[in-house]
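For what it's worth, this note's numbering labels the leading residue of the sequence shown as 1, then goes sequentially.
Because the hints were derived from the structure by calculation, they are not lab data. Every residue, glycine too, gets a C-beta built ideally from N, C-alpha and C. There may be inaccurate statements among the hints.
What the hints assert, rightly or not - Computed Cβ-Cβ distance ranges for the label pairs, DEER-style:
1) Asn133 / Asn93: 23 to 31 angstroms
2) Val148 / Ala37: 23 to 31 angstroms
3) Gly43 / Gly81: 31 to 39 angstroms
4) Lys106 / Gly152: 22 to 30 angstroms
5) Asn93 / Val177: 26 to 34 angstroms
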Amino acid sequence: MFKSIFITVVALMFNLSVFGQDVFTLRSKTLGGNSTAIEEFNGFGCTGENTSPQLSWSNAPEGTKSFAITMYDPDAPTGSGWWHWVVFDIPNNVNELLKNAGNIEKGLMPDDAIQSITNYGVSGYGGPCPPENHGIHQYIITVHALKVDKLGLDENTNPAVVGYYLWNNTIAKASIVTYYERKK
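Please model the entire structure based on the sequences and the hints provided.
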């Protein structure tokens, strides 16, 4: 009996140490499983409010020196998807972006953070705007924990180049997936 109790206790301790660990997590208080007209882009035939969601993250891995946020639509009919939001050089002591921080004119982004150009050709948040009757598109919002303080890029850097630097410097990432469809 002692042997079975010992094995049970060891197994429980193993489960707690392996599966009870805090994991890098991204959350939003304003975004659900489907985007709405609040997040939808205002342009390209879309008439939404183009408001970026509130985002918060926790349990960044040891060694994180900065963060980046991306929003990507792999379903865009371009052959390479569509980058809706690219933010980097977010200081490692920041763990939240306020609602509408993607609006450059509002000045809600943390100091030193850089919002570079999107596939819309402008800096800042550009919400969902799939072609009419193209079906449901997925939008992957990702926070990247980076091993560098700065990527060494600026607000004019295109998303593919930022993605290359992120790929080379990401320690961990966490994502939220939301969906949006535009019907005629």
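Results of checking the hints against the structure:
no.: 1; hint: Asn133 / Asn93: 23 to 31 angstroms; result: violated (45 angstroms)
no.: 2; hint: Val148 / Ala37: 23 to 31 angstroms; result: violated (37 angstroms)
no.: 3; hint: Gly43 / Gly81: 31 to 39 angstroms; result: violated (19 angstroms)
no.: 4; hint: Lys106 / Gly152: 22 to 30 angstroms; result: holds (26 angstroms)
no.: 5; hint: Asn93 / Val177: 26 to 34 angstroms; result: holds (27 angstroms)
Consistency note: the structure conflicts with the earlier hints numbered 1, 2, 3.
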